[in-house]
Amino acid sequence: MVKDSRTTAGPAGLRQLKGAGKRDEGEAGRIKPLNSPRPLLVEADEKGRPLAVVTRGTLRKVTQCHDTWRIDDEWWRSEISRRYWDVETADGKRLTVYQDLVSDEWFGQSYGVRE
Amino acid sequence: MDVACLLIADFLVAIARRDNPLLRGRPVVIGGAPEEHAAVRACSREALREGVTIGTTLRKALSLCPNAVFLPFREAQARDEAAAILELVSSYSPVVEEVAPGHLHFETRGLARLAKLDEETWLAEVQESVAIRSGLPVVLAGAPGVFAAHAAATTLAAGRQAGVSIVVAERATAEFLAGLPVEILPVSPAIHQRLRLFGLTRLGEVAALPFSAMQAQFGKPGARAWELANGKDDTRIIPARDEVRLTETSDLPAPTATLEPIIIGTKALLQRALSRPEVRGHSLRRLDWQLALESGEVLDRRVVFREPTSDPARMAFALQGKIERLQLPAAAVGLAVTLSGLCSEYGHQANLWQRGPKREKELAEAIEQLNTREGEPQVYRIVEVQPWSRIPERQLGLLAFGS
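Same order as they appear, the protein sequences are chains Y and E.
Note that the working numbering has the first sequence beginning at 1, numbered continuously upward.
Note that the working numbering has the second sequence beginning at 116, numbered continuously upward.
Don't take every hint at face value.
Claimed, not checked - No farther apart than 20 Å at their CA atoms in a straight line, the calculated lysine to aspartate or glutamate pairs in the EDC-like style are these:
hint, chain 1, residue 1, chain 2, residue 2
1, Y, 32, E, 151
2, Y, 32, E, 491
3, Y, 32, E, 483
4, E, 175, Y, 88
5, E, 175, Y, 79
6, E, 231, E, 403
7, E, 175, E, 202
8, Y, 32, E, 117
9, Y, 61, Y, 73
10, E, 437, E, 491
11, E, 175, Y, 74
12, E, 473, E, 483
As the list claims (entries may be wrong) - Some, not all, of what chain E presents toward chain Y, calculated at C-beta under 8 Å:
hint, residue
13, 166
14, 169
15, 171
16, 478
17, 482
18, 494
19, 497
20, 505
21, 508
22, 511
23, 512
24, 514
25, 516
26, 517
Stated by the list, open to error - One-sided and incomplete, this derived list gives chain E residues near chain Y with beta-carbon spacing under 10 Å:
hint, residue
27, 152
28, 154
29, 175
30, 504
In short, the hints are calculated from the structure, not lab data.
Cβ coordinates follow ideal geometry from the N, Cα and C atoms, glycine included.
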C-alpha cells in the first residue's frame, strides 16, 4: 500500500511551530521553520515497516532498516505520535522517514544525533 | 608465480583474539559498547551467523546476538598492526599494494630465484615470517595473476586454513579457477545472483560460455568476469605511495589526571611539529593524537580537517573538544601527535560576519538593500527555538537577518 502525504497541510509539529514562542509573539511570527518534514510516498508492510520510498520521482527499495524509534508528545493538546525509521535504500542512501501515527501519513526528515 | 596475496581473515577480530585468547570460538563484535550510538566495524563469523553484519547499529547487533562480546574499535592499533605487516612484506617484495588492513597483494616474480629457493619454500618462508612477527593467522597464496592469487587466498581463509601458503602454478590456474564458486568474481552481487539464476555456479561454467554471450548479457562486468574465469588477468599491483607523517612525542613532567597540562602539552607538540622544515609551505589534512596512560593503555583520537590547515591554533581548537570530553581511567604519562595528509598551501574562506563595526554596517546596508529590492527578507540566520524539543522541526528556525 502506497500512502501519499503530499497534499496535506503538514505535520502537527510544524503547525505548532508558529505558536512556539509564546514569550515573544512578534519574533515567533517572523521565524521560518527549518528541517520541516517533507511529505513522502512510502510503501510499508502491515507492521508499518518501510519497504520502498519514492524520492525524486523514483521508487527505491528499502534494503535495510538500521534503527527505529517512536516519539509521543503533547497528548494533552494536539497529539504528536511518530514512528521514525532510519533506512537504507537499494542505491546505498541513508534516510530518515517517519509515519505520523495520528494521520497515518509518511514524511522524510533528518534527525540529528545529539551527544 | 608472479603475484602473491596475503590475507588475514577478519583482521580486527584476529587482533582481538590474539590479544585475548579467551575470545576464540565466541561471537565478537567490534565497534564499541552496545549502548553506544555507533555501527559495527567488524564481527566474527560466529556473530555473522547470528545475522550481525558490518554497518548494523550496535544496539541491533546486541538484539541479534545477545551473547556476543562487544569490543571498542582501536583504530590506531589496527593501523599500526597493518603498517607493521606492510613494512615486513615490503622487505621481501619491492611492489606491495595494501588492498585493506591485513590484505596485501605483492609482486613475486623472480624473488624466489633470487633467494635461491623454489617458489613454494620461499612463499612458506614469507608466510611463516609474517605469522610469527604478527601473531595473526596469515594465509598466503601465489599465482600467475592477481585474481587467481586473491581467489586462492580467499578460499584458504574461508576454509579456516590459517597459517598456510599455496602456489597455483601457471598450467594449473585454469583448472583451479574452474572449481571456484561464481561469488569469487569481483562483480556486483546482482550479477552473482543472475549467474546463479542462469544455473552458472562455478567459474568453469562461466569460462565455457562464449565471450560474446557474457558481454551481451552483463556488459562490461560480464566481459571482465569471463576473462577472469578464463585466467586472463591483466590487473596490476599499485604500490602505496610513501606518505609524509610527522610525529612528535613527549613525556609529561609528572603523571596527571587533570586535562589542563595535557592540553598545554598538546599545543606545544603541535607548535613543534609545525615548525619542522617538511611542513613549511604546506597544509595538513589529518591529526592523530595519542595519550599514554600509566596503566599501559593508549587513548587515541583522530581529527580530519574540513579544510587543510597549518595553523596550530586551529588544530588545537579542533582537538580541544575531544580532549575535554575524555574521562581518564588512569593518570596520563605521555603524549604523541602525528600530522599527515600533507598537501599544498590552502586558501581559507574569510569569515563574512566578524569584520569589525564598519564592515558590519556595510553588510547591514547591503542586506537592507537586497530586502527592499526583493520585497521580502533574503538573508536569514539560524536561531534556536526549542532546542530541548524532541520534535526535530521545533529545535531550530530561520530568523530574518537584522530583525
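Status of the hints after comparison with the structure:
This hinted pair does not check out: residue 32 of chain Y and residue 151 of chain E have alpha carbons roughly 34 Å apart, beyond 20 Å. Of the pairs offered as hints, the one joining residue 32 of chain Y and residue 491 of chain E holds, with about 13 Å between alpha carbons and a cut-off of 20 Å not exceeded. About 19 Å separates the Cα atoms of residue 32 of chain Y and residue 483 of chain E, which keeps this hinted pair within 20 Å; it holds. Between the alpha carbons of residue 175 of chain E and residue 88 of chain Y the distance comes to roughly 15 Å, so the proposed pair stays at or under 20 Å and holds.
Of the pairs offered as hints, the one joining residue 175 of chain E and residue 79 of chain Y is violated, with about 29 Å between alpha carbons and a cut-off of 20 Å exceeded. At most 20 Å may separate the alpha-carbon atoms for a hinted pair to count; residue 231 of chain E and residue 403 of chain E exceed this at roughly 43 Å. Under the criterion of a C-alpha separation no larger than 20 Å, the hint pairing residue 175 of chain E with residue 202 of chain E is inconsistent with the structure, at around 38 Å. Proximity of residue 32 of chain Y to residue 117 of chain E is assessed by CA-CA distance (about 65 Å); at most 20 Å being required, the pair is judged violated.
For a cut-off of 20 Å, the pair hint linking residue 61 of chain Y to residue 73 of chain Y is broken: about 30 Å separates their Cα positions. Simply put, residue 437 of chain E and residue 491 of chain E have alpha-carbon atoms about 42 Å apart, too far for the 20 Å limit, and the pair is violated. At roughly 29 Å between alpha-carbon atoms, residue 175 of chain E and residue 74 of chain Y are farther apart than 20 Å, so this suggested pair is violated. Note on residue 473 of chain E and residue 483 of chain E: the hinted pairing holds, with a Cα-Cα distance of about 15 Å set against a maximum of 20 Å.
The beta carbon of residue 166 of chain E is not positioned within 8 Å of any beta carbon in chain Y (closest approach about 12 Å), and the interface hint is therefore violated. Annotation: interface hint on residue 169 of chain E violated; nearest CB of chain Y at approximately 12 Å, more than 8 Å. Because the beta carbon of residue 171 of chain E sits about 7 Å from the nearest beta carbon in chain Y, less than 8 Å, this interface hint is met. A hinted interface residue such as residue 478 of chain E counts as satisfied when its beta carbon comes closer than 8 Å to some beta carbon of chain Y; here the least separation is about 19 Å, so the hint is violated.
Taking 8 Å as the C-beta contact cut-off toward chain Y, the hint placing residue 482 of chain E at the interface is violated, the least distance being around 15 Å. For residue 494 of chain E, the suggested interface contact is broken, since its CB lies about 12 Å from the closest CB of chain Y, more than 8 Å. Evaluation of the residue 497 of chain E hint against chain Y yields a held restraint, the C-beta minimum of about 6 Å falling below 8 Å. A distance limit of 8 Å between C-beta atoms decides the matter here; for residue 505 of chain E the minimum to chain Y is near 5 Å, and the interface restraint holds.
With its C-beta approaching chain Y no nearer than about 5 Å, residue 508 of chain E sits inside the 8 Å limit, and its interface hint holds. Annotation: residue 511 of chain E was flagged as interfacial toward chain Y, and the flag holds, the nearest CB pair being 5 Å apart, inside 8 Å. A cut of 8 Å between beta carbons decides the hint on residue 512 of chain E: the least distance to chain Y is about 4 Å, and the hint holds. The criterion of a C-beta within 8 Å of any C-beta in chain Y is met by residue 514 of chain E, whose closest approach is roughly 5 Å, and the hint holds.
Checking residue 516 of chain E against chain Y by beta carbon gives a least distance of about 11 Å; that is not within 8 Å, so the hint is violated. Taking 8 Å as the C-beta cut-off, the interface hint given for residue 517 of chain E is violated, the closest approach to chain Y being about 11 Å. At its closest, the beta carbon of residue 152 of chain E sits 6 Å from a beta carbon of chain Y; the interface hint therefore holds under the 10 Å criterion. Proximity of residue 154 of chain E to chain Y holds as hinted, the smallest CB-CB distance being about 8 Å (cut-off 10 Å).
A hinted interface residue such as residue 175 of chain E counts as satisfied when its beta carbon comes closer than 10 Å to some beta carbon of chain Y; here the least separation is about 7 Å, so the hint holds. Annotation: residue 504 of chain E was flagged as interfacial toward chain Y, and the flag holds, the nearest CB pair being 8 Å apart, inside 10 Å.
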